[in-house]
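**Student:** What follows is the residue order along each chain.
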Amino acid sequence: MDVDSGLGLMAACYGAGALSSLLLARLSGRLALGVGHLAAFAGAVAGLGIALGVLLGAPGRTLTQPLPILFPFARLSLSVDGLSAYFLFVISLVAVAAALYGPAYLRAHSPDAGPARQAAQGFALNVFLGSMAFVCCADDALTFLFCWEGMTLASYVLVVSDDRDGENARAGLLYMVMAHGGTALLLVAFLILTERSGAFDFMALRAAARDLDPATRTTLFFLAFSGFAAKAGVVPLHVWLPRAHPAAPSHVSALMSGVMLKVAIYGILRFAFDLLAPVAGPLPFSWGWIVLFVGTISAVLGVLYALQQHDLKRLLAFHSVENIGIILIGVGLAMILWRQEGVGGALATVALTAALLHTVNHAAFKGLLFLGAGSVLCRTHVRNMEELGGLARRMPWTAGLFLLGAIAISALPPLNGFVSEWLTFQALLGSASRFHGPAGLVIVFAAAMLALTGGLAAACFVKAFGVTFLGRPRTSHAEHATEAPPSMIAAMVWLGAVCVALGVAPGYAMPLLDAPTATLLHGPVASAVVTARGPLVLSTALMPSGADATAISMTMVAALLLSLTAIAWILRRGLQPALHRAAPTWTCGMKPTSRFDYTATAFAKPLRLVFEALYHPRREVTRETAGTPYVLRRIHYAGEVVDLAETQVYHRVEREISALSQAIRARSTGRIYGYIGFVLGALFVALLLSELGR
Amino acid sequence: MSEEALHAVIDDLGALLLFTMILIVAAGQIYRAIYAVSAQSLLIALAAAVLATATGNTDLWVIAGVTLAVKAVALPWVLHWIVQRMDIRREIEPVIPIAATLALSVVIVVASFQLTTSLGPVRQAIAGNALPVGISLTLTGVLVMATRKTALTQMVGLFASENGIFFTAMAVTQGMPLIIEIGVILDVILAALVMTILVLRVRSTVDADVADLDRLRG
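Line order of the protein sequences matches chains A and B.
The first sequence begins at 1 in our numbering and counts up by one.
The second sequence begins at 1 in our numbering and counts up by one.
Any given hint might turn out to be false.
As the list claims (entries may be wrong) - Partial list, computed: chain A residues near chain B (C-beta under 10 Å):
1. Pro72
2. Phe73
3. Arg671
4. Tyr673
5. Ser690
6. Glu691
Since the hints were derived computationally from the structure, they do not count as laboratory data.
We put the CB at the ideal spot given by N, CA and C, even for glycine.
The task is simple: from the sequences and hints, build the whole structure.
**Tutor:** In structure tokens, the structure reads:
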């Protein structure tokens, strides 16, 4: 199979999947779901093929494919260069797992779903995957925006498809509003560029961007960045994310969190380093620093809010905010360092490599975690951790794989999260020594925050895993849970294997990053810098003299950890000659119940106290006594923390808007001809003004 | 056909279009307004055909045919059918007196010609006085919508306004891409469909005209 015809094949797979879901639903909803997901699987495999073909092919290879001419004023085409291929790779990697996982999950989670709903789910999944893939391959503004919109609409359908309750509909509406606000900003940015170029293809836009004055260039960048940030869930534009992601079916949550946010990262990279980049010299000063700052804030706030969530999927969604922040730290740093005099291209390459590597890593472990949460959800129908517990015995595979994902996201060796966060640290520390004064302080601050983020993430996942899987079941839902079906386990194993492979032997994955780093930076490529001393050793080769201080071999770390574990296990077996018996935990003579276990609220309490200023926690304790205050019947505790962005920004805006619309409503007549009269007046005034302005 | 003859023909057609527009504004009975808008669409089709012969753009023939079929025949027939179905004999209900509406439309036409004189370079490129005629048709159509209470007469105004847009687009660009023209026509068909359903449904369920919907204001 030739790579060149791959794009057509991928489009055909997704298109056939979408159509057959609709057509087959008349016969059987189950069949429609199965065929739809099968086609999505085929499309994802085709996507992997194209991506690997371009990434591992000849350097600088670009796949282009003109599209049929729909509009006489625009030439439409697709183009897969190194950056596109890399994001296509990330999308397809998770899409394979989601397509494998989907049918069994949807059957187990909502067995009474009608064929119409199943058809809609199969259709929207294919459209969603197809548009995500083609956003990354678009080579003109129209295709880009068209696919971008398709991605939003299809994921909206999936978000509201899960359950028919008001909560989902509200989450979907909020998502729709935020996403379209972002799209509007993108549209403005694109239109300003196309107006200058007179054409829609990226080649013309690049040429038009060459003679922009600095102010316009920076305005355009921040327009596009805000638009993409709304989609990526950057603080304070993240409020839709923790609502919409948990509402979707779990494999779609995995796609939205793991992949869709990355498409926004792709957009930021494409705009900053490609479309809007000046011909020579570094990027404008403000770009990189603001991206770095916003990323740092997102990383810290994301994990802090995640800590206080007791809904498993909501917690994971907040972690996506955190990880997008970590990726943006790398991206911002690369933007600061790119073409900087005297700093050298190697450091920018390290920063970009860290960001891109974290992109694929986050896609893999967040996908894995969402699929694990989905397995729990479809067997217990409960998302609140306080009602779970003790699932490790009942769902051993799910528990093991969730633990793997939790270790990876907590950035612990020897898994993949550690590698990319280590690289981000290297880039931060390497550049901290090169910038002096306030700039150096900001970088040190970012490094400190990144360290805090890693620690808090570990605490958060100790809570998530411990409360959900360990201890005793707290409700009968958890008590009667059984292991998930094999196809769902297989999907998780696939993503788990990616996590392990990228964690233990990241050096072998570096060639995949060569093409995107070369496309964007035109400097030294990833593998030349990071694996300068062979694929088994990661080194950043930054310090002229003491390069050895910053080298690490993940393979050796993994071997060390493995052998230490083995030694500990052997010693334990050797020292305890079979003189033990299993007994219940000693609880001072009382009979142990699930009430004795740590709850999620209790576990997060110390951090809630430390970060009180950020959380504004609200607690409500009601005591029910029997006559005297000394005999307590029951205590009821309710508490919640607020999202600062939500209360400080969004609620205020909401109040203003509703006050305004009340005022308008009080004055409106409701007469149609009156409104048409307003239109006529406005048209006339516009004509007069255009005449006067001449 | 020579350039000057073309301009003369387009100008004549523009004058006729303005005349039909005045008929629509002045119509005291709804049937007259419907016939006038049908005649106006016929003239638009004719203009498309003239431009097609002059420029050799075959797409314009298609547009002329579609305009004739949809806007000169089908849509007026639908309007006619609704009027009969709803059995309305009453006069159209103007918001302001018809004479005042006529005066306003005179203002609009004069202003359109006055405003577009400064568009020198654009007018060089286009056929005759098509631009001011098109703009005044569009604005007068909206004026008809704004000064009538019943939904049916507002539909007539919408079609007239849309004719103006069509005429402007056609004459200024000497034939827009087919896909856009077809899109515009689909737009009108859709609007007619929605309004027809709305008018008939509102009447059959609550026995009120669409204009009475302002009572629903919260």
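**Student:** Confirm or reject each hint.
**Tutor:** Consistency of the hints with the structure:
no., hint, result
1, Pro72, "holds (5 Å)"
2, Phe73, "holds (8 Å)"
3, Arg671, "holds (5 Å)"
4, Tyr673, "holds (5 Å)"
5, Ser690, "holds (8 Å)"
6, Glu691, "holds (5 Å)"
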